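Chemist: Each chain, letter by letter, is given below.
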Amino acid sequence: MAQIFAYIVHKGGVIDDTAAELAVAAKKIDASSAVTAIVTGSGADLDTVCQEAAKLYPEVWKFDNQALAYPNAEVIRKLLVDVLPKDAVFLVPHDTFGMDLGPGLSIKLDVPYVPDVIEIEAADGSTFKMVRQEFSGMAHTHVACDLGSGGVITPRPGVFQPEEGAAEAGGKVTDKSGEAGDLSARRRFLEVVEAEVGDVDITKADVLVSIGRGIEDEENIELAEELAEAMGAVVSCSRPIVDAKWMEKSRQVGTSGQTVKPKVYMAMGISGSFQHLGGIKGSPFMVAVNKNPKAPIFQVADVGIVEDILEFMPEMTEKIEELQ
Amino acid sequence: MEILVCVKRVPDTAENEIEVKSDGTDIERDDLVYSVNEWDNYAVEEAIQIRDNVGGSVTVVTVGDDESEEVLRREMAMGADNGVLLSDSAFEGSDGRGVAAILKAQADAGNYDLILCGAQADDGAGQVGGMLAAMLDWPYASLVNHIEIVDDKKIKVGREIEGGNQELNEIELPCVLSIQTGINEPRYVGIRGIRKVASVEIPVKGASDLGLDPATVGEAGAKVKRLDYFVPELGEGAEILEGSMEEKIEKLIELLKAKGGLK
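Protein chains in written order, with our numbering: chain A, 1 to 324; chain B, 1001 to 1263.
Honestly, the hints are just simulated from the structure, not real lab data.
Quick caveat: nothing in here was measured; it's all calculated off a predicted structure.
The calculated DSS-like cross-link candidates involving lysine-lysine, where the alpha carbons are at most 27 Å apart (straight line), are: (1) A:204 <-> A:263; (2) B:1251 <-> A:261; (3) A:294 <-> B:1251; (4) A:108 <-> A:176; (5) B:1259 <-> A:294; (6) A:291 <-> A:319; (7) B:1156 <-> A:245; (8) A:129 <-> A:294; (9) B:1021 <-> A:294; (10) B:1263 <-> A:261; (11) A:263 <-> B:1263; (12) A:78 <-> B:1104; (13) B:1223 <-> A:28; (14) B:1156 <-> A:11; (15) B:1223 <-> A:27; (16) A:291 <-> B:1257; (17) A:78 <-> B:1156; (18) A:291 <-> A:281; (19) B:1259 <-> A:204; (20) B:1104 <-> A:108; (21) A:78 <-> B:1153.
Excised from the complex, chain B in its bound form (with noise of 0.2 Å):
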């Protein structure tokens, strides 16, 4: 099975406690940690799981300047094949359709039955899986949480639904996928597989080599701006409890057994 990954280099929010610039232009970004996407690692392990499986390959690619480079790198050391990078800038600005008509260029160009995306992105709007798949005309199912390969023309996925409950679908390959955090438990990748990979050509693509006119992508195409960064006004919020830890929680057990929560 062929199977392309669209993967995503973002601030991550476990490492980084996120701030707004105070022109409201953007966030903070100067000494933010970025790594890859949280879902799409999932989706990452689950293709590799699936080629182990019945054999194919697994090609991770990315919209994004050179320093994305590095996540297609990290994923490659997970144990995808091959890696592309699609960067212009005339992709600079472009909304989440923008994105999704960029990956289905390179969707075209090659020959897949499977695309995954992660669910969502920290810095995202979860939009741009279900767009490719509308735009190739390819079956799509969302917040993926289970794939079991039925043969060379279908899949049974599961779909996470509220209430902790699953959804089973069949769908017909080729088709796309989004996916959900907790579908697998993705390998930890070492130093040493990150160097073996350190040197291997990651080719470049750019609005021409796609065959893409620059009006439909990027600033000029986006049909959705953002226009600010802003902290909310808060309402009245927590009420911070102050002084040294012991002090912290005598308030808090005097409070806790005002409220029924300690006897």
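The following block holds chain A by itself, in its conformation from the complex (with noise of 0.2 Å):
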């Protein structure tokens, strides 16, 4: 079996969460191989790093240098076809680096591209059945793929949970900074922009009533806000409520937007892509009301609610206040 490797997600010393979950993922592939960790940066934080990704990889390649500062997609594609040996097995999260990174590594290194996959099983040889969702996560796909000859896999983030108190795996970190050639590149990173501070912050609210697709009008957005100020709740929302500008992006839950930690969260009318899910911690008590029996947010939620929310709402919001 070809060698396998995870890219290491860090930022500001600190090692991601992927770390320890494409370790988990890699083991699906080969539970026998030594997984190495390349690790990519610049400065004092990257040995913190190192050292952090040398206790979840038994090795752990080093690549510092100033042009690897920020991760940018087009210089760390270069690096890695320099330094990745043939047939290698490379993983990457699928965040917006490793979407950004995958496809054009695969083309350059002339092997498969698996993007957001959710589970690896063995099948035939090299032969590999990873589990895809489609269609919002309303279908799910089995993918074939030989891996004999190497391949560009992204597992999705938050999937391939470690098992609690497992054992260091005391890696050797080696320096291959040396290794890396040209790394100049045609995209060169400016700045990060951080997002806007809202009027209201939704991180810190106890109860949320999160709004989605379900709303159909700005002019029901309303009916929202009725309802979350009879509940004492804050309004947020999914992504297509701020793509069509009728809230601003501070009230966004997903990992596109703010990551949010109610104690209780009403999904009214939203879907439930993983995204969106990506930015619900600390596991609220859910309740989603949507129209469509078949929404995926109803395979997450606790309780769920067959309705239209536009009907919904008004009549819960008069319920509550006949009872105060």
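Put the two chains together into one complex, using the hints given.
Modeler: If you want it as structure tokens, here you go:
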């Protein structure tokens, strides 16, 4: 079996949760393989990251270079094409970096690309069956892929959960910085613009009334605001509402928006894509109201109600007001 | 600026309940409402706005069957200047890499400065843009939510990254960008707009027109093969409240009181 590599995502000297998750995913491809972690970056933080990675992986390759200070996928792709052995299986999380890197890397390495994988099963020899979701999670699909000559796989963050209390790998860190070739690219990183802070901080709310596509029209947002007021809650939303410019970005829950930790989460007309669910932490009591009984949100909610939110919300508001 | 926008006809998940066929070979496609992939629509709008600001032309292209022509016509009604349909029985069963190879042949045949794709499609994997860029050896940026034309050699792009933050990059032309939703507000296309372009001829190109070896695309060239569709065994799933609307609300209020969601 080919050698497996895992790209370690880190920020500010702190290793990302996906570092441990990729080790779990790698074991599903080859339980006996000594997986190598690849850590790229620049400066003093990098050694801390390597030490953390060595707790998870038997081998850690460190690439320290000023050109790698920010993870620019175009630069890191060049590095990987230079340093990865032939037939390598390369894992990188399906986050905004992995999505940027994976497709092009697979072409340059001339290997198959399997993105956003949620399960990996051995099939026949070096052929693997992997599970992906389509149509916002409304259908799952098995795809077959031969990894015998290598591959690029992007496991979905949060899916391959490590066992608690696993033994440390006690890995060896090797400085491979000298092996990096030309790291110039025709795309240059300039800066990160931090998200604007909104009028209301949804990350501090105990109860969220969160609206999605089911709201249908900007005028109907009022119905959610009235329900939230009756409940003493705050209104948040999913991505389509922000795309339509009906609410501020600061109100958006999801991986591309805010991460919230409420006690109660009311998902109103939200289908429940993994990007949205990725922004909800701390296992709140989740209520889903959706007129589509097959909406994926019902798989993860604690309580579900199959109704049109445009009829449900005003009635619920009225009922709560009656009780007060 | 000469701009190529890659679009795709997909089942519209906002309009359909997607169900898996009982034998798992496909989803139920009878009575599905199809439309242009949402992300692609933002890409076409962005291309039109760039053309209107700096001049040039916008060509929309798709890999698909005869029915895909309707999405090209729709995007032309929005304001794209030209449409091209890449269609051949040899293209059927292409994986993302195959689709990228077909699009590369179209890109090679033109003289484009900028190629835009949607960041992903509901029935796809968000891979074609990055693959196309690597095949062309052009720089690439994904999840683009802002474009600023600097001059005819370079542009500034914003990428949407985690936590609602934006990563700014400078990128040299020609390049490929995949466009994230929300970058603009795509214009409305009315029946009159569609009628205006109803009789415009849309050229169709097959493998031989594009100089493609059929063995490298379609089912024959696919490295990743879809085996089936399925609905996973659910875990516990939600407790579904039954009864009249009033009964459901009463039950929910009791539950919320117990969980601290209502005072």
